[in-house]
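For chain A, the structure is supplied; the task is to place chain B on it using the hints.
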Amino acid sequence: MRLLVVEDEDLLRARLVKALEDQSFVVDSASNGKTALFHATEYGYDAAIIDLGLPELDGISLIKTIRARGLLFPILILTARDNWTDKVAGLDAGADDYVVKPFQTEEIRARLNALLRRAAGFAKPTLEFAHLSLDTTAKKLRVADKDVELTAFEYKVLEYLMLHPGKVVSKTELTEHLYEQDHDRDSNVLEVFIRRLRQKLDPDETLKPIDTIRGQGYRFNVPAKGR
Amino acid sequence: MFPPRAADARYSMRRRLLLAFGMLLVVFLGVAGYVLDRAFKQSVAAAVAERLQLQVYALVGVAEPERGGFFVPDLEEARFSQIDSGLYGFIYDAAGRELWRSASALNLVADTAGLADMQQLPGQTTYGELAIEQDVLAWAAYRTYWQSLDETFFFVVLETNAPSVAEIVAFRTNLYVWFGALTVLLSIAQYLLLRWGLQPLQQLAREVSAIETGAQNELQRHYPEELEGVTQNLNLLIKSERERQNRFRTTLGDLAHSLKTPLAVLSTALQEAQGAAALSEDQRQDMHEQLQRMDQIVSYQLKRAVKGSQLPMARPVSVLPLIEKLAAALQKVYRDKQMQVELRCAAGVQFFGEESDLLEVAGNLLDNAFKYGHRRVRVTATQQGKALLLTIDDDGPGVAANDRHFVLQRGARADTAKSGQGIGLAVVVEIVSAYGGATDIQTSEWGGAAVSVRFG
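Residue numbers (the working numbering), protein chains in the order written: chain A, 1 to 227; chain B, 228 to 683.
Check before you lean on any hint, since a few could be wrong.
Claimed, not checked - List time: in silico DSBU-like cross-link candidates among lysine-lysine, alpha-carbon distance up to 35 Å:
1) A:K167 x A:K18
2) B:K598 x A:K64
3) B:K598 x A:K225
4) A:K140 x B:K598
5) A:K171 x A:K64
6) A:K167 x B:K559
7) A:K171 x A:K140
8) B:K564 x A:K124
9) B:K564 x A:K225
10) A:K18 x A:K200
11) B:K559 x A:K34
12) B:K559 x A:K140
13) B:K552 x B:K564
14) A:K146 x B:K598
15) A:K171 x A:K146
Calculated from the structure, these hints are not laboratory results.
Looking at chain A on its own, in the form it has when it is part of the complex (with noise of 0.2 Å):
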């Protein structure tokens, strides 16, 4: 999942970063409003955290701009200002969430984790699919009610899966949103991740959960349940 973190005091910045980043999620950030508008205009992002008291665009303006721009991934907001003025100020402005300062990362941790498997049309924490269930809470996969082993990086690929079922995912997309902008990307790299998920998800070869569609990507094709 690749975020987008926007806040101007650069120690808080770095270690909110690092922290999102410890819980596998990919992390771009910005320190202004302009900059963090050039990046949610020219990638894709499955969330941002925006802060409010922001310089150059202030954070309100800058939710509302991207809003305009027909940008439709979560955004949590941060604000130190814990007034309701605020809050719903930002919440009108199109933001979906919000977290005052000083925070707990699990609380931010969790309120993403809701934020991204809402916007994937999901009302519990946990992603249920056939005999399938992802817990995004505790980061668990259950296969027929027994916990199955999986590592960050196959989680962050089930996960990316699972929140966009029955749509068609390119390598490039998996890319983008599961891997470092600097970070070696190489597609054989995917391919032996998303054999190894298979075999894990599916060892007797009855449900195969994971199309590949020639040319064009993946897509995770079980019919969701719960959803």
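Positioned in the frame of chain A, the structure of chain B alone reads:
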């Protein structure tokens, strides 16, 4: 801020001016009446004296001494000859003996001899009044030296004053009628003048109350130059007060930002240190709690500082759109809960105070309802005069009766709050108290909390 004082009728400017002008009118007309009355009486008395003097001279002119008495031929003045006519003539010698009396005085019983004053010098006339029975007579006594007889005589003429009394009475009646008419006329004129003169003040009062109700933002009309200074300063005051409040809020917001960002950095740093050997889990926990406390104290005290109060010049805020916006925002935040929000608020309900205060109170209460409620939230807003009543019901676990008193205690929670407890309700209580209102917690019809606040 001072409580508004009931207008005291004693201090009414119109009343004062009416009273002052009224008193002035009474004094002026009273003195004028007295002076006119006196002047008229004096002029009547002078006319009587002159007439008497002429009668005396006429008498002296025709009187001839004879045989120890006087012979007076028929006088031009016929009243001397008609009995009881009201005009009487007497002649006395130096010893006060009556030498002659006019035919008119034949019936007159009065001590007229006493009017001949032996001290009086010849050629002098004295005047006076003499009361007899029901009549008052004005008299003039003239002492003259008769050279041929080498003797002095007194010529006395008396005349009834009934005609002059009648004249004075007529004059007074006239005076009263005219002065009465004048009083009525001046009173009406004075009332109209006051109305006209005080009109700018009444207009000012109307405009100020329009500002109070929010119908207008400042004084707009033109005022006479005497009031122009006051109205301009009042406009400036209203404007600067609003600007000052805005500046104050912005400054406090900036302060919150600059205090909270370092707290956020510390907090994230502490989380990174989790599991590091440098800090034990207990130490980390302690630091975390202290950071949270600092954060809550900063939040609480800043909110306390920002809160407004029912300002006389506050613009009223429409409650419904504000609650709708808030509910929409919270629906977004708590989207998973799919809350049913029922708004019971008429379109005309208004809040007389700072919009941010209402938003803070409603925001905190509604946030709690969304947080603890399961499926349903109801917001009821009604207005009683200038007071706003806001009740928020939810179907959550509610607040235990024993805890209600504690959570509603003003200022009790901010410093003693355990970590994890919000300061939302404490802020609500604080803001509502600033408006002289009250906060109450009951059980809602769904068994959850029903929190009501009353502003003012």
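Hint check: K171 (chain A) vs K140 (chain A), CA-CA at most 35 Å. Holds or violated?
Within the cut-off at roughly 24 Å; holds.
K552 (chain B) paired with K564 (chain B) [C-alpha distance capped at 35 Å]:
With Cα atoms ~18 Å apart, K552 (chain B) and K564 (chain B) stay inside 35 Å; holds.
With the threshold set at 35 Å, check whether the alpha-carbon distance from K167 (chain A) to K559 (chain B) stays at or below it.
This hinted pair holds, its Cα atoms lying about 26 Å apart.
Given the hint that K171 (chain A) pairs with K146 (chain A), does the C-alpha gap stay at or below 35 Å?
holds, 29 Å
K167 (chain A) and K18 (chain A) were given as a pair; does the straight-line alpha-carbon distance stay at or below 35 Å?
holds, 31 Å
Between the alpha carbons of K18 (chain A) and K200 (chain A), is the straight-line distance 35 Å or under?
holds, 29 Å
Between K146 (chain A) and K598 (chain B), is the straight-line Cα distance small enough, at 35 Å or below?
Cα-Cα ~33 Å, so holds.
Holds or violated: are the alpha carbons of K598 (chain B) and K225 (chain A) at most 35 Å from each other?
holds, 26 Å
Does the alpha-carbon distance linking K564 (chain B) and K124 (chain A) stay inside the 35 Å limit?
holds, 10 Å
Hey, K171 (chain A) versus K64 (chain A), does the alpha-carbon distance stay inside 35 Å?
holds, 31 Å
Satisfaction of hint between K598 (chain B) and K140 (chain A), Cα-Cα up to 35 Å
holds, 27 Å
Taken at face value, is the distance from the CA of K140 (chain A) to the CA of K559 (chain B) at most 35 Å?
holds, 27 Å
Of the numbered hints listed earlier, not one is contradicted by the structure.
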